[in-house]
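Number of protein chains: 2
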Amino acid sequence: MSLIIDCHGHYTTAPDALGDYREQQKADLRTNPLFEHSRGSIDISDEQLRDSLEAAQLKLQSERGTDLTIFSPRASWMGHHIGNQSTSLYWTEHCNELIYRITKLYPKNFVGVAQLPQSPGADLSASAAELERCVTEFGFIGCNLNPDPTGGHWTGPRLDDRYWYPIYEKMSELDVPAMIHVSGSCHHCFDTTGSYYLGADTTAFQHLMMAKQLFIDFPDLKFIIPHGGGAVPYHWGRFRGLSDMMKLPPLEEFIRGNIYFDTCVYHQKGIDLLLDVVPIENILFASEMIGAVRGIDSNTGFYFDDTKRYIDASRLGDGEKRLVFEGNARRVFSRLDNRLAEVGLL
Amino acid sequence: MSLIIDCHGHYTTAPDALGDYREQQKADLRTNPLFEHSRGSIDISDEQLRDSLEAAQLKLQSERGTDLTIFSPRASWMGHHIGNQSTSLYWTEHCNELIYRITKLYPKNFVGVAQLPQSPGADLSASAAELERCVTEFGFIGCNLNPDPTGGHWTGPRLDDRYWYPIYEKMSELDVPAMIHVSGSCHHCFDTTGSYYLGADTTAFQHLMMAKQLFIDFPDLKFIIPHGGGAVPYHWGRFRGLSDMMKLPPLEEFIRGNIYFDTCVYHQKGIDLLLDVVPIENILFASEMIGAVRGIDSNTGFYFDDTKRYIDASRLGDGEKRLVFEGNARRVFSRLDNRLAEVGLL
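So the sequences go chain by chain: A and F.
First residue of the first sequence: 45, per the numbering used here; consecutive thereafter.
First residue of the second sequence: 45, per the numbering used here; consecutive thereafter.
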């Protein structure tokens, strides 16, 4: 049996109660930016969860012929720049717990990836603890790591700084990868799902490319750069040339066991470039569904983000397609096979 | 007679005296950030100018078979974030005057494009005045406009804000285009010729795409987005989809007479994507030579930035190649034809 595994899906269709909880946090913060939140509760029934998914992600999975989505809380709502550590911690716990409930309701359709309770200036101990909780208690298989929890200002350290080591240590210990994914922009010059996401993907790649010590200290650390790697595959020659000028290892060698790109590129020619330029072993199928771009391409009559169609129509042979659709995800998310076996998909 | 016009070349090989002048400015600023510089002088002989070009840009023009380079001061040295208005004004005047002297020494090889004396927080009156001086006195045909004179912090207004109108008014009056080009990054997270340049290109495109009033107020304003448009052509589907969700005009229609991309993309497959996705009328040949990436591609044995080879090898027919190599540049830089006629190239 072969599977189509979408490694990048967000719960963007949550019932209003989730947004209401967040609005209350923001209201509390307006009284005091250092407001110490309590955990509180969010009242969402299983039926509401089902309703929010049946006509959306589940319908599209079925229509598009994809099987399993590696599913995480809505990226643009992570909002790590909002409030303080307590804001982010409780918000994140609730968001992750909704994902966990969804993976229990639809175990063959969704497997969880954790949001982390990052907060500007806070260390990463809460994030490491939440990752451990999600992996060991909820069966999650990875996390989304925000390289810029300031929402566009990038005032934190570069990705190879020791600041990040607590989360890298936990990722290594649990053997789970991270998708590097910013959240909503609070910077007036950056637009969330366009320039900010794509710029952040490119920035993250360059941090990792230029890291001197990181992959010596953590040789098995695995990162997925979303949105087709930002600008990187289009500028593969530039990055090969820059890497060469800096006397770094060749890009193909550098990324081999550590850096992966997803296929959230919303037109055939972009996908074709990605598949032509980046080694197939480093590409994971993904649609970001339901995500940034929700419309239908008037040129094709199909959804922009129905990326399976582009892979299907590409020049890849069957074996290569199987790697992109399934094999690479099962290798990068090392805990996925156990999960697939548990739910009868393997 | 047909011409190969490279619309993006920088004077990156200036004699040491230029760098020495800049170091003195920085030394003055260390005594007082508000230091009011005097213009001073830079002693560089015509022979030194020739020596700095003969074995570099001129040699490569000849080897690669390109004719004319639209030439501007070194982009990464514009350094608008350094010092104050007086710092930027005198530095810019000297840089532009060197370009002017070069265009007099080699009138068939170089035509000038102006650096602008932008400075964070300063209005654009000095920039408008310098553009006028360069166009009317020196025969320059355009300018480089820095969308982020803060060097990575992006604390200034978006490109469609009325803050920028004095330079847009002057560009419209003189009928000259601007290449939108950031300078060196002083932000620890952004790497100048990689993530910063490419992120800025993408950011600038999105500002312009989302501008409500700008192209109503200035219908003939022309911008060139360098480095192949950052991430935009690779993510053409995403931007088409985002534009559609925002109920903006179709991208092809939006860019038609106002937005152009250069061909500074340093591998065949990237160039092929650009030529496949963006209307040919909106693409201008460029190499950035001598620029960000100076090495030889071990896969091809040729310089990464020898972009003429990629265009030559592309699927374009002869008529389309002529547009990219010559016709589009002559249309976008409306003052170019007069200049070509003056120097006997037309």
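Read the hints as simulated data drawn from the structure, not as lab findings.
This structure is a prediction, so every number in the text was calculated from the model and none was measured.
It is possible that some hints are incorrect.
A pair counts as met if it fits within one copy or between any two copies, since identical chains are not told apart.
[Stated by the list, open to error] Straight-line distance between alpha carbons at most 25 Å, and here's what the computed BS3-like set of lysine-lysine pairs gives:
id	residue 1	residue 2
1	Lys313	Lys291
2	Lys152	Lys256
3	Lys365	Lys256
4	Lys291	Lys148
5	Lys313	Lys352
Outcome of the hint check:
1. Lys313 with Lys291: between (32 Å within a copy, 24 Å between copies)
2. Lys152 with Lys256: Close neither inside one copy (40 Å) nor across copies (46 Å); limit 25 Å.
3. Lys365 with Lys256: neither (33 Å within a copy, 42 Å between copies)
4. Lys291 with Lys148: neither (48 Å within a copy, 39 Å between copies)
5. Lys313 with Lys352: both (14 Å within a copy, 22 Å between copies)
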